[in-house]
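A.B. asks: Please take these sequences and the hints and turn them into a complete structure.
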Amino acid sequence: MLWILCLALCGLLTRTQADPGALLRLGMDIMNQVQSAMEESHILEKMAAEAGKKQPGVKPIKGITNMKVKDVKLPVISLSFMPGVGIFQCVSTGMTITGKSFIGKNMEIIVVLNITATNRFLQDEETGLPKFKSEGCEVTLVSVKTNLPSNMMPNVINKFLDSTLHKVLPGLMCPAIDAVLVYVNKKWANLNAPIPVGQMGSVKYVLTSIPTTTASYIQVDFSPVVQQQEGNTIELADAGVAPGFPEDYAEGSSQLLLSAAFLTAELALLQKSFDLNVHETMIGELPPQTTETLAGFIPEVVEAYPKPKPLVTQIRINKPPKVSMKTGKSLLHLHGTLEMFAVRRRGKAPVPLFLLETHFNLKIQYSVSEDRLQMATSLDRLLSLSRRSSSIGAFDEKELTGFITDFLQEAYIPAVNDVLHVGLPLPDFLDMNYNLAELDVVRNTLVLDLKLD
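So the sequence shown is residues -18 to -1, 1 to 435, counted in mature numbering (1 follows the signal peptide of the UniProt record, and there is no 0).
Honestly, the hints are just simulated from the structure, not real lab data. Nothing here was measured: the structure is a model prediction, and the numbers come from that model. Just to be clear, a hint being listed does not mean it is correct.
Claimed, not checked - List of simulated lysine to any residue pairs, SDA-like, C-alpha gap at most 25 Å: (1) K345 to H403; (2) K169 to T195; (3) K169 to P407; (4) K301 to H315; (5) K169 to E420; (6) K149 to L163; (7) K149 to T100; (8) K254 to V404; (9) K254 to P407; (10) K127 to M49; (11) K149 to L56; (12) K330 to P292; (13) K168 to D410; (14) K168 to D435; (15) K301 to G405; (16) K254 to S184; (17) K345 to V424; (18) K308 to P228.
C.D. replies: Below, the structure written as structure tokens:
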């Protein structure tokens, strides 16, 4: 009984390790968008505008009336990763506080200050989304200048300034940090929303676990949900080993990893679209698609059809497409049937000639367009042809290898590429522009090296 339990636990552990179909590593190059978020949101200016307004439940500060905040300096933000926690943030800025002082004169206080806070990176329990939460906000004065006369009761003036600033600044600046994080968190809002793949289904990026933080990056693991239009979920195959980040990327850089198992599940949505019926007689550089051309490879066709008849070719993919990857090369494996028919006079059904089982590989070239992963394919190899049935008698199907290979290149692969043009969705977060990413294929993994410019 104990060994059965052990086997079950080992299987569960193996499955858990291989579970993430996509991994996201965020270096400081991407996380520095917190600075742009503060600039985009104009939050310090908004807080300054609110400072002089009466707030319900907030007592006025003694010794200063008609308080206003102006001349807020553009903040300088520095960030550093805190392993196991998130990001430590320091905001350096300055401003001028004005009002009427307790001695009855107009007062100006010019301050330069640092705001520090720990931004803990969590997973929201309700939405399942990543989020930052500010903790331990502190305001430290770097310098203070005032137009109040320093020779008049200096102890009173200094005490007044110290009391005033310690009351005003934390209440003004720490909510600004919280507001910026709310602004940043909204840029994760669409991350786990279903993204359509044409009319065939959708992909949803769901967090596998709470994001982890190291000294160099934040890592987010995804268990993508691939769902057909009818609502059925396509499970990711267990590859045995979870994808891992290559070691030859610069420290602090950002990458998105997509596993071959995940791409395989996504392409399963398109399996029916890979079926093809070809009625055209003239296709690209191919000879006419007629029984006369076919007879050049299978003499038995002439006996059945002495007069040339147009051909109809039907390809059906009867196994889910599979993506494989090794360093520098990715293949799309397709298994199915190829059946040829002779066309009869109008109104009569075409006559089946033969049905072949086939297996062929397509080379995949990856790119990104409009923030979707694009695939373009070309024929790698026709691996096998085997005859399942024939109405024209026995023949050596190997004689058709060249004919079928040319047909796949000229007729089938362009149709596959048209289907793939729909693109596969990438995770939507922090307004990421994937069009700048550099792509690389490693073992069982596609790497997108993320760039900002």
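A.B. asks: Provide an ascending list of the numbers of those earlier hints which the structure does not satisfy.
C.D. replies: none
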